[in-house]
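Listed below, chain by chain, are the residues.
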Amino acid sequence: MHPATHPTASAPDGRTYRTPLLRRRLLRGLLAAVVALPLVGAAAACGDDAASDGKTKISIFWWGGEARAQLTEQALDLYTQKNPDVTFEKTWQANQGYFDKLATLTAGGNPPDLFQIDDNFLAEYAARNTTLDLKPYQDAGDLDTTKFPPSLLQYGVVDGKLAGLAAGENTQGLVYNKTLLDKNGLPEPTTGMSWEEHIAWAEQVSKKTGVPGTQDPSADYKAFWVWLRQQGKDLYTGSELGFTAEDVTRWFELWKGARDRGATPTPDVIHEGNATDITKQLVVTGKSATSWVWVNQMPELKKNTADELGVIAYPGDPSGQWARASMYWSVFRGSKNADAAVDVINFLANDPEAVKLLGTDRGLPSNLDLRRVVSDDTTDEAMKQSIAVETELAETFGESPQVPIKGHSKVRAELTKAGENAQYGRATPAEAAAQFVAACKAAIAS
Amino acid sequence: MALTTAPDPTRRDTGSVRPDATRRGTGRIRHGEGLAGYVFLSPWLIGLMGVTALPMLLSLYLSFTNYDILTPFSEVEWVGLANYERMFTSDPSWWHSVRVTLSFALIAVPLKLAAALGVALLLNRAWRGVGLFRGLFYLPSLLGGSVALAIVWVNMFNREGAFNSFLAVFGIQGRPWVNDPDWALETLMVLAIWQFGAPMVIFLAGLKQVPTELYEAASVDGAGRFRQFVNVTLPMLSPVIFFNLVLETINGFQGFTAAFVLSNGTGGPVDSTLMYTLNLYIAGFTDLEMGYASAMAWVFLVAIAVITAVFFGTGRFWVHYSDGEDR
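Order-wise, the sequence lines are chains A and B.
Using the working numbering, read the first sequence as starting at 1 and increasing by one per residue.
Using the working numbering, read the second sequence as starting at 1001 and increasing by one per residue.
These are computed hints drawn from the structure, not numbers from a lab.
Keep in mind that a hint or two might mislead.
Among chain B residues calculated to face chain A with C-beta under 8 Å, some are [said to hold, decoys possible]:
id, residue
1, E1033
2, A1036
3, D1068
4, I1069
5, P1176
6, D1180
7, P1181
8, N1264
9, V1270
10, F1285
11, T1286
Nothing here was measured: the structure is a model prediction, and the numbers come from that model.
Where a beta carbon is used, it is the ideal one built from N, C-alpha and C, also for glycine.
With the sequences and hints as input, model every part of the structure.
Have a look at this one:
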């Protein structure tokens, strides 16, 4: 398939100039042109990079909304102000389709120097040697991580390499509708309630208010994961699954019980809650008294409801939760501007002005000193709340699990399918669990 | 792309043109104008090569590899028929998506054609305001596979959607159509059927071609409305029906956008809307198995080719060309 193996235009056959030959020559020429065109393009692209007048242009790509784009662009402009030789080629887009585009750019040999990535894909990219190992920079002091919580830093390590630096910290959060509970004289849930207690509480809420007490999270990998860790298991250990079909059966049965007791909405509403974006989470649309989300999503949820919201850890022992990188910054391994790109990451993580500018848009700032500054400065009530909860939980955080392995996105999809199979009553918990484990094994083996 | 694969039966060559004359004609043209012809063709030719032919060949090659899109081509590993073997022997979700797609096409396509023909018959009369109605019925298919339309559909067929409110007027308790694994695919079928405008317009054009003398003759012979429809309209329309059938079947198999939007790109709830092309997309871009996805694409291409060939094969028994020279 290499272009060079294609026949290219050969010297004209000097003897005859009869028309069929002319036609053949023309066709050959065209073919050669078609084959050569991409090469010309590639050569031109190389030329751009080689322009060495002391200026560096770093391409950077992230996902997010308008607000994040503005903040990020301001922070990058600030960097250019301080380092006039470095300019940016900024590209951003909504979450939908981001990874398709990143993969396509990478496949086309034109990946950005610097890109945002999450734990769904970090291992996928790192395992294929697409990300630069940041460890040498960290060792040399060019990437300052001394103020980072160790477990947050650890959550960017894949196969001993620092594949990405956490752009912010985040953890699982159970958000509940405080107004609804107060109105009905119901107690608020608290961190540390067992799963059984949570379901009993939810059942009580359903009965009293008519609003289902809790959104069934059995198809939701983040709840399953926390629960597993509380059972002394994990989602993955090494390159294997960290759980068995029996574990999954118990998990599915726990929630079947909850559904049977009326503690959750009906399966179609549960599905809607799982499939929807954050602005239509059930706690916001009033279809459930709680939603299983990430703590840093509080401000976004708050924007979409007039009710007062509270947030706590997921049920069970809170040490099942960990300092999760909401997303990372990674550098493309083949980047010609790798050093400069790493310096930009360092700047975004540790420069007081930049960190203040970025706020908690990508989660709590990873630099603990600056996190304190940002949390003192914020005026957004919901953001204050999420920072307070995360700070409180940070004291009980367990050790970070390994970054999800290659095939994780498939495992997530399979959990959704199996969980919903059980929710809609198309399979018993045990059947759904067996299917799920079999599908996972196939997914991570390939 | 599919459009170019199906020849328009309504324009079939009658075969009466003298072949020797044609050959002589082009032979003369070739000397003087051949070069100019190719030059004028070249933008299209380069497009065909660069955008269609080469990528297709590349994907054929990749279907025999473990290409995962992130790995450079040079490191791609040849795996022979492993992708194809996996598809047929050990991938239940592949088989599932085949079943979903087949049931979608088998139900939605005939109903869509029936709706198109039915409305075309109604709109073929010369009554006042018929033009407006033709436009209105055509409108949905102009929107085609648009994302906006799919979003509207999701909202209409929610539990709180307009459709259930409508049912409630009659005291009927609706369902959460799009969030119900038993009904999500059916909701998509209704969407596809509703977009019958394009085949309808083609049917209308076909109906205009039927000579009125035939109806007159039939009615003189005592044929009623129904007889006329069965013995005059349908045979005279058969090339158009054939054309629509082939096109709509190919379209039906390729249904992607609506399923993608409705399920947030997952094929859910519980894989009920996992259309073949959606499954292929997930394999390539979410699971990063581009080699496997390429293999799926080629199986798909061959399947559509076979189905189209079957249509052409059976067509000779029921497609009637009015010139009568080749049948």
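Structure-inconsistent hints, enumerated in ascending order
1, 2
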